[in-house]
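Protein chains in written order, with the working numbering: chain A, 1 to 278; chain B, 279 to 556.
These are calculated hints, taken from the structure and not from any lab test. Keep in mind that a hint or two might mislead.
[Stated by the list, open to error] Selected chain A positions facing chain B (in silico; Cβ < 7 Å): (1) ALA28; (2) GLY30; (3) LEU31; (4) ASP75; (5) LEU132; (6) ILE183; (7) GLU196; (8) LEU207; (9) GLY211; (10) ALA213; (11) SER216; (12) ARG217; (13) GLY220; (14) SER247; (15) GLN253; (16) GLN273.
For each residue, glycine too, the CB sits at the ideal point set by N, CA and C.
Number of protein chains: 2
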Amino acid sequence: MTIPWRERPIGVVGLGLIGGSLALDLRAQGLAVRALVHRQATAERARQRGLADQVSTDPAVLADCALVVLALPLDRLLEPSSELLAALPAGAVVTDVGSVKGPVLDRWGPWPRFVASHPMAGTAQAGVEAGLTGLFAGRPWVATPTDATDPEALAVVRGLAEAVDARWVECPAADHDQAVALISHLPVLLGAALIEAAGQAPLARALASSGFADTSRVGGGNPELGTLMARYNREALLEALARYRTSLEDLEQRVRGGDWPGLAQRLSQAQAQRPEFL
Amino acid sequence: MTIPWRERPIGVVGLGLIGGSLALDLRAQGLAVRALVHRQATAERARQRGLADQVSTDPAVLADCALVVLALPLDRLLEPSSELLAALPAGAVVTDVGSVKGPVLDRWGPWPRFVASHPMAGTAQAGVEAGLTGLFAGRPWVATPTDATDPEALAVVRGLAEAVDARWVECPAADHDQAVALISHLPVLLGAALIEAAGQAPLARALASSGFADTSRVGGGNPELGTLMARYNREALLEALARYRTSLEDLEQRVRGGDWPGLAQRLSQAQAQRPEFL
């Protein structure tokens with residue numbers, strides 16, 4: 001690889017859960033990290049936590065970086081400020097961590113040496129306090145290169161992912177967006193609808209147990225994040241909902257019609273299929 | 279309480295997860311437990327595990343009991359063998375552990391001193407190896423008495439529940455069945471439908487993470503149990519599905535129409551409501 005990204009500071013824009021965790025892991029390897037954040041208070045707290053070597057609200061902090069990771073919420077990633085755009089060093093590899101890739105490529109694809117990527121790791125926490133070491137170890141880091149993607153830039157981002165022990169995956173953006181609609185974004189709506197439905201029966205609150213808690217967990221998660229995912233992965237999410245509705249209606253028909261062998265067969269298939277996802 | 283249930287052996291019919299766990303907890307308190315099981319191999323293994331003082335496939339084992347707990351699968355509970363019925367001692371308090379109470383009352387309500395109850399505890403395990411101590415501690419033990427329920431018998435079952443540190447709850451059977459439809463039986467179908475839908479996208483398997491795992495856990499559970507629950511709580515489950523569909527369709531309409539503030543509001547409500555269930 002001819003881009004000396006390890007020998008120059010690595011820029012991280014945003015020090016929330018993903019940006020902060022990435023910065024910590026890179027620093028732990030002795031790599032220099034320069035972070036750009038939005039608010040002065042965030043910068044001060046990030047310095048206290050030692051998340052980066054330099055933290056600033058001034059985009060000039062990125063000046064020497066050969067690799068910049070945009071660890072921003074989807075809306076700010078897709079509508080970047082003109083100051084940020086002006087501050088990205090010419091020739092630097094730029095990647096993102098957004099959970100939807102089609103709209104990211106629409107916006108950033110023409111940028112020189114841009115690589116669309118999505119490290120699929122997380123906790124329920126957010127903000128400057130959330131970053132922690134080892135978040136990416138063993139987790140997928142998905143890149144969605146196109147014909148226009150610079151192969152050297154792609155190799156740099158792969159090196160970054162492997163440096164934090166993530167599992168590298170490459171696929172078309174549409175495949176990624178379809179998969180995350182089904183496994184991440186659809187469960188948010190299912191869980192939220194379950195909470196709403198159960199909330200209408202007062203006794204349900206007193207009797208709910210781990211089964212309900214697990215099924216509803218992501219549905220009771222961060223509403224801003226859930227809304228951004230739905231907004232920017234809308235078509236894939238609507239398709240996922242349609243597939244899901246078909247499956248659920250089939251199960252419901254078996255219940256309504258008293259087709260217990262048929263229901264048992266479908267539940268057996270689900271039981272057999274689920275371990276393939278884990 | 280005038281029924282000396284602690285001074286006589288306690289009968290447990292079935293030594294699966296619930297029966298075996300109950301027997302272990304009772305024995306740990308020095309109470310005598312007589313168990314009736316279906317198969318000779320189960321009896322031998324139960325003796326090896328020390329689940330009860332006496333284990334037999336002969337219904338006569340229940341002869342001296344003042345309290346008998348029917349810890350049977352729903353189908354065998356609702357269609358009890360004539361041998362079992364003949365062996366239940368005259369005057370004994372009889373209770374069950376079934377996860378649906380309406381059909382149990384239809385079948386067993388006329389039985390003298392019957393109390394319909396449902397200890398709401400569990401693990402993913404089943405069978406004679408599954409029983410473990412402390413399963414009921416802090417968990418709800420729901421009784422659904424009717425006007426015909428013997429108050430002394432109800433007090434005995436409450437004493438049993440409290441002996442294993444369960445949390446006693448009394449409610450009408452219809453309220454119980456509605457609540458468990460929403461919090462237990464509906465999640466099975468949601469999770470199974472999610473697994474089916476996601477199974478159509480190969481990449482989903484490679485990328486699924488804890489959110490998918492949690493949302494689908496009960497959907498990938500024991501298919502026989504899921505089918506029995508649906509079968510014997512059919513009307514309540516269909517009502518729960520209808521409520522759920524209304525909630526999900528409302529969320530979907532907001533996604534389809536791009537009503538992001540409205541979606542965020544609904545997800546915020548779900549986030550705020552969920553802790554009330556935990």
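* To do: Grab the minimum C-beta distance from GLU196 (chain A) to chain B and call the hint holds if it beats 7 Å, violated otherwise.
  => Nearest chain B Cβ about 4 Å off; hint holds.
* Asked: Holds or violated: is there a CB of chain B closer than 7 Å to the CB of GLY30 (chain A)?
  -> Result: violated, 29 Å to nearest chain B Cβ.
* **Interface hint compliance - ALA28 (chain A) to chain B, C-beta minimum distance less than 7 Å** => 23 Å, violated
* Given ALA213 (chain A) as an interface hint, is the shortest Cβ-Cβ distance to chain B below 7 Å? -> At about 6 Å, which falls below the 7 Å cut-off, the nearest Cβ of chain B leaves the hint on ALA213 (chain A) intact, so it holds.
* To do: Under 7 Å, Cβ to Cβ, is where GLY220 (chain A) needs to be relative to chain B, so tell me if that hint holds or is violated.
  => 3 Å, holds
* May I ask you to test the interface hint for LEU31 (chain A) with respect to chain B, counting a Cβ-Cβ separation under 7 Å as satisfied? => Hint violated; LEU31 (chain A) Cβ to chain B Cβ min 26 Å, cut 7 Å.
* chain B contact restraint for LEU132 (chain A) - C-beta distance below 7 Å -> It is violated, given that the least Cβ distance between LEU132 (chain A) and chain B is near 15 Å, above 7 Å.
* Taking the closest Cβ pair, is GLN273 (chain A) under 7 Å from chain B? -> 5 Å, holds
* Taking the least C-beta to C-beta distance, is LEU207 (chain A) closer than 7 Å to chain B? -> 5 Å, holds
* With a cut-off of 7 Å, does the beta carbon of SER247 (chain A) approach a beta carbon of chain B closely enough for the hint to hold? -> 4 Å, holds
* Mind checking the CB of GLY211 (chain A) against every CB in chain B and telling me if the closest is under 7 Å? => 4 Å, holds
* Residue hint ARG217 (chain A), partner chain B, criterion CB-CB below 7 Å -> Result: holds, 5 Å to nearest chain B Cβ.
The earlier numbered hints that this structure contradicts are 1, 2, 3, 4, 5 and 15.
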